[in-house]
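Between the sequences and the hints, there should be enough to build the whole structure, so can you do that?
Protein sequence lines, in the order shown, are assigned to chains A and B.
Each number in our numbering comes from the position in the first sequence (counting from 1) with 400 added on.
Each number in our numbering comes from the position in the second sequence (counting from 1) with 400 added on.
Derived by calculation from the structure, the hints in this document are not laboratory data.
A hint or two may mislead.
Which copy is meant is left open, so a pair is good if it fits within one copy or across any two.
To be verified - The list that follows gives simulated cross-link-like pairs (lysine-lysine, DSS-like), each with its CA atoms no further than 25 Å apart:
1. 788 <-> 719
2. 458 <-> 478
3. 478 <-> 467
4. 719 <-> 794
5. 641 <-> 790
6. 820 <-> 638
7. 594 <-> 638
8. 417 <-> 794
9. 719 <-> 791
10. 838 <-> 417
11. 470 <-> 458
12. 417 <-> 820
13. 417 <-> 791
There are 2 protein chains.
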Amino acid sequence: MARRQWMFDTLRGVFEKHGFVHIQTPSFENLSTLTGKYGEEGDQLIFKILNNGDYLAKVDDVLLASKNSKALTAAISKKALRYDLTVPFARFVVMQRNELTFPFKRYQIQNVWRGDRPGKGRYQEFTQCDCDIIGTESTLAELELVQIFHEGLSALDVPGFRIALNDRRILQALSEASGVPASSFADWTVAVDKLDKVGLEGVAKEFEIRDIPASALGMIENLLGIRQAPDPQAALDKMAKLLGEQAAAREALTELEHLVRRAKFSGVPESHLHVDPLLARGLDYYTGAIFEVLVEDAPFGSICGGGRYADLTGIFGWKGVSGVGVSFGADRIEDVLNHVDGWPVLPNVGLDVMVAQMESGDVEAELTSAQACREAGLSSELYPDPAKLKKQFKYANDRGVRWVIVLGEDERASNVVSLKDMVGGHQDQLPLTEAIAKIQAS
Amino acid sequence: MARRQWMFDTLRGVFEKHGFVHIQTPSFENLSTLTGKYGEEGDQLIFKILNNGDYLAKVDDVLLASKNSKALTAAISKKALRYDLTVPFARFVVMQRNELTFPFKRYQIQNVWRGDRPGKGRYQEFTQCDCDIIGTESTLAELELVQIFHEGLSALDVPGFRIALNDRRILQALSEASGVPASSFADWTVAVDKLDKVGLEGVAKEFEIRDIPASALGMIENLLGIRQAPDPQAALDKMAKLLGEQAAAREALTELEHLVRRAKFSGVPESHLHVDPLLARGLDYYTGAIFEVLVEDAPFGSICGGGRYADLTGIFGWKGVSGVGVSFGADRIEDVLNHVDGWPVLPNVGLDVMVAQMESGDVEAELTSAQACREAGLSSELYPDPAKLKKQFKYANDRGVRWVIVLGEDERASNVVSLKDMVGGHQDQLPLTEAIAKIQAS
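What follows is the structure, given as structure tokens:
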């Protein structure tokens, strides 16, 4: 827990330094708010809350007898647990739009829930740390979020991370240039998204299932080649040749060039930047730049993701507000730091001092000693029972407490305490104030 | 959010100073773990999660046709959202018992969910801050938690709080002494618990409904008198006279006397302590001392609660482990501090500096300025668009940003920046490093 706290505090520090404002939203959203935002598979994975009380009372008998789970759900569940932080954020922005100052920059560190089968890097409940900038089309917003990836992950000392960059408009042009009908673009991205899991043959199968011409595979092979380009600019140059003259895609490419150049200018090492023409991102709401952060040798996919959405608030009735956001996957970052043993040594959040309780001792004097330690800024406790000293020392040892104060009859008579150093093993008699000074100096 | 963060950090500081260890548990528990722990009304208020997938497939047709919501729930819902932090903690302790050091002291700051009708001081999702000490029968554990009430609420500067104290064993003896059959004790506490809401006549009605002899009302009147006792010891003396010679109750009374005396000795002012013979606490698992913290003039009940449970882990198969715990209701404390305008002035977590973006200006120089501010420890951002300066100044003003840096053509030519003080209104030209120093000194 101390490590997670440190991770959140570190990211919070980076976000606030860039002027992001902290918000939280409730765990529950209306089920209808969430449905249809994450694709069909996503809808299946949303955790729905059963209505309270006699939830069947008003359900239609025919519906009930149909035994159709999907159809019944809407009748017996109004609320659901949030699936990500982006859709609740969009709802929040629309509801609060008269109170907010735009462009609005917020960060949010909260749990999300997904009904995935648990596995390596997959949890049913996990924490996302999101930054979004909404109400501007400026590509400096993308730049700021790439900086935040870099500064956040560097501050956490995540080893060997690379920020993958691409743009949905470029993907669209590439798919069209390879003969994929515009109507099949979404299917094409789903297939491309699976490439790293299923390989080129797998993608070929996906194309077949989804009625995408097999001739379009040649482009995927070309793009696989570009992935290996020695640096971002080389990748961009090769992509430019494949794109043709499609205006939106040319503009996207120029923006990506600027983003890479300015990120480098702002101190992001080129080796952390990877232009990946096969980065697709599953979620439908992205319309421009897309990001993912990967770690070499990690036993799972990305640790962060994000992108530009031209119209996320449109689904809640406020059209044409562009934004861009990123999300840090705290639990996967935690897994990476565990995997490489990469946590810093954190100050001891255990106990500094234990005061032993003596059989037929002076409990009030012992309470006073513990209190004096706390008033001096140390964490301390009085052992709650007058148990055998051996047992009390074992407890101190098990909890990793270094200092134990003992107030026996002799000590009380001479107005001192015994201070036992559980690490060094020796024990001194000295006045309480000196004992506290000694502990503070240790 | 900054205020909530400060509240949690403050309580965390107090808990850690007393040697409590931070844990978290998942939001979901098995529904069967939670059912039957919070009384019948509590069971109704637990939020149940609908099973994922085709949850009706295996449901018995007869059960479905019965339209019995309660009976169907177990068939279509395996998981539920935690209702408090105590039961999940008990489950955690039983599961981890071989890894933990006892007595085990933990704190936990997490949300809980209850299907209450929302209202003043009642939320469907709220945050509890719990401290528990488990594995000791020592009354010093009660003392430490009373100290934590006092230190935590004093650190938050909650005005006019009083810690109400009582003991379930005393309640039991008082009910028996007034002629309530032992089998009606639970009903009696439910009725007494409603006293502050429904008055003495309301309690009389409750007694009638629950078959409790009307003669038992005399005791309630006596106890109402004791509530007004001038100090805790006076209340305890009067209670002693009503108790008779019942051994468990006499012991409880002696322990309460010790608790009050030691709390005063440890620095809790007597005016913060209130022995209340009518404090009952709804939850069934309390068996000894019980606590509640109330605030004068608050528009709702208690802001904190707690008590001793002789056998909370028994329901999970590990019998005879005694513990005591308290819970701070963060949302109600927040309401109180809002109500009395009692929040401290917190350091600005907004934005220290905004760098304006000039039309046909030097974006990279502007980026560098914002970055230099951050490197000097200030929070800063570059306005994302080269909008009219008037608009940018309005944005800075709306966000409460005091300092704006402008890098016009003249400034760039002379290697300075313009620093505008949005509070004072004046503007200086000076080198960037001096501008940063000036902001830091402000």
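Cross-check of the supplied hints:
1. 788 <-> 719: between (72 Å within a copy, 24 Å between copies)
2. 458 <-> 478: Both: 14 Å inside a copy, 23 Å across copies.
3. 478 <-> 467: Both ways: residue 478 and residue 467 sit 19 Å apart in one copy and 19 Å across, limit 25 Å.
4. 719 <-> 794: Result: close only across copies, 24 Å inter versus 65 Å intra.
5. 641 <-> 790: Classified as neither: same-chain Cα gap 77 Å, cross-chain 43 Å, threshold 25 Å.
6. 820 <-> 638: neither (69 Å within a copy, 46 Å between copies)
7. 594 <-> 638: within (23 Å within a copy, 76 Å between copies)
8. 417 <-> 794: Answer is between: at 21 Å across copies they meet the 25 Å cutoff, but 45 Å inside does not.
9. 719 <-> 791: Intra 68 Å, inter 22 Å, cutoff 25 Å: inter-copy only.
10. 838 <-> 417: Result: close only across copies, 18 Å inter versus 38 Å intra.
11. 470 <-> 458: both (17 Å within a copy, 14 Å between copies)
12. 417 <-> 820: between (44 Å within a copy, 20 Å between copies)
13. 417 <-> 791: between (49 Å within a copy, 23 Å between copies)
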